Amino acid sequence: MNNVQGTGPVRPAQPVRVVIVDDHAIFRSGLKADLDANIQVVGEAATVEQAIAVIAHERPEVVLLDVHLPGGLGGGGREVIAGSATLLGSTKFLALSVSDAAEDVVAVIRAGARGYVTKTISGAEITDAVFRVAGGDAVFSPRLAGFVLDAFGTAPADIADDELDRLSARELEVMRLIARGYSYKEVAKELFISIKTVETHVSAVLRKLQLSSRHELTKWAAERRLL
Amino acid sequence: MSTALTRPPLVRSSDRIIAGVCSGLAAHLGWPVKNVRIGMALATLAGGAGLAFYGWLWIMVPTADESARRNARRPASPIAPAVSLVPPVRIDPAFGAAPPAGAPPWGMSDAGAAAPAAAYAPGAGPANSYGTAAVPPGPSAGGYGPPLAGHAGRPPWFRFRSMRYGKEILLGAGLLLVAGILIAQLLGVDVPLGTLIPAAAVLGGAAIAWMQLDETRRAGLLDKTKADQAGGWARLAAGLALVVAGVLVMVSGSGSWEQTWLALLASVAVLGGVVLVLLPWALKFWRDLEAERAGRVRETERAEIAAHLHDSVLQTLALIQRRAGNEHDVVRLARAQERELRGWLFQDPGRDVGQLSERIKATAAEVEDFLGNAVEVVSVGDTAMTEAHEALVQASREAMLNASRHGGGSVSVYLEVSDGRAEVYVKDRGPGFELNDVPEDRLGVRESIIGRMKRHGGTASITSTPDGTEVRLGLPALQTDNAEGKS
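Protein sequences appear in the order of chains A and B.
Take the first sequence: its letter number 46 is residue 45 in numbering that gives the first Met the number 0, and every next letter is one higher.
Take the second sequence: its letter number 277 is residue 276 in numbering that gives the first Met the number 0, and every next letter is one higher.
Calculated directly from the structure, the hints in this document are not laboratory data.
The model shown is predicted, which means the values in this text are computed figures rather than measured ones.
Mixed in with the good hints, there may be bad ones.
[Claimed, not checked] List time: in silico DSSO-like cross-link candidates among lysine-lysine, alpha-carbon distance up to 30 Å:
1) B:Lys283 - B:Lys360
2) A:Lys195 - A:Lys31
3) A:Lys195 - A:Lys184
4) B:Lys360 - A:Lys188
5) A:Lys184 - B:Lys360
6) A:Lys118 - A:Lys195
7) A:Lys118 - B:Lys453
8) A:Lys188 - A:Lys31
[As the list claims (entries may be wrong)] Incomplete in silico selection of chain B near chain A, CB under 8 Å:
9) Thr259
10) Phe345
11) Glu375
12) Val379
13) Ser411
14) Glu415
15) Lys426
16) Asp466
By construction, the Cβ of each residue, glycine as well, lies at the ideal position given by its N, Cα and C atoms.
So here's chain A without its partners, still in its complex pose (with noise of 0.2 Å):
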């Protein structure tokens, strides 16, 4: 999970605004007291309505997404993303789970989340992941590179394809890497391009993650019961 480690993003000469949307009081408390001076946690919420008023009221600038929350319609994270759909362009959604279950990090990131991390992560890496979010990149977990690769395929994209079906050559190798445990920086130096490229490179997957309608995507999560 060190992946988010590293030099990392600049960081934000203002401390970024956050909300932490967590259905147990402990974790919230106990990821508030993780968290960077340079985070400002502006509102706390338990369930779904909650969440939804809140970001509303408070326009953060990162929310820390609990994937499984109760109230609502019963569709958890999803539903808060979906009910701050108009929001989405200036508030960036970290999903966080203590689930690795494949449908939790695909459905949530397929809502509009920019990132996936798990519950265990650390209060540097957490730290970490918010500032990226934050400054508009994606945050993926080993985890979660290796979900795209399993639902894209391991083959790179013939000249034929649909471009949101497959992923390039670099896009798999940067996904490779994450996947095998490298942080953006050791991407980049590994294979010789700037962070700055990787980050692209993963916004892009991030993106296609979102919009493919890919046939092998919708197959891949019916297997695990996603649909």
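On the provided structure of chain A, position chain B as indicated by the hints.
Quick look at chain B alone, frame taken from chain A:
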């Protein structure tokens, strides 16, 4: 009696003139075939009795093939009920000597679902009792032949026989009674047939209906096998019709058809009315039964979950409280418990555990337990295990142990299988080391990782930087012989 210890089953032989009845009977009784055939022919001359007997046996006795198939099918029927939550009930007459519903009703263990399925032998009906008659008694039965053999009875024989062939004996007794009555009539004795026949009908009908009730009760009213239920309804209807007809004839007393028909119509109408009135109660009773059963199923599930949580999570939490001072132990316990619970919650039970990814994950868990550092496995693709894959798993294990021991932090493991080619990457964030600096006698890296992979046609390479070390293992697809690796 000792000669009868290993009496062959009564089956229709393939060595036959007409249907193999005589030779089968001869083999069963241990008599010469010729004698049996002559006896049968003589009996045929006596008013066709032999012919009737022959026909009876032809219909009722299975051929050797059928019998073998039935016997092979009987023990441990593979057809488990879809929902194996009903208590295990034995309804197969073949097991009639055993007490019904012997096993504990709710399996709480992991094998709970399997146990009732094994004890459950479906497809039992009255028709099966004939098959039973053809089954040879096992050694424990002391070698007493089926009733056809006609050996003198002794107390144990009778007890055993009466339990096992109760229906046949009843039928036989009934037929003997009828024969006796007919003979008495022939001899000129006045038998009150007008009373006897309706009484017999009532008795027969009642017997059929009660047999049905008995079996339904044995099945705990829970058996949903359609065929069985259909048979049950048919039997109930037949029993009812017999009783009603018998009672009517007996009560009306006259032999007149007209009167009987009228009475029959009236009684059917009355019965219909009664059914109409009682139907709501019956439906309510049935629904209550269904609700109770559903509740019991839920209760069983809840109990199983509670048992699992108790055995795993509560025990771990207790351990963590006792070791709260030791951070290393707490982390290790929490990781192990998380893994176990995750596996229990999300694992597909139908998943094949012989797959490469499962083995790598199990190995990672083992290393994690052993050294305490987290080992994260990400896998893409999968393949079945072969000998070479086993070597890959062993080499990966060695690499994980090294990474966890010397890296001193969490270890990332990535497995990718595409087009049959398997690759494993093991990465740590330790200070790194120079392969050339490793002493020759250190078998870990040289022998267990590099040597092992080479012996199985794979590749292994180690990249070490101050930021960490990565071991890359590659195993080419089986048939294709291109061993070019990434190394």
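Inset, instruction - Identify every previously stated hint that the structure contradicts and give their numbers, smallest first. - result: 1, 7, 8, 9
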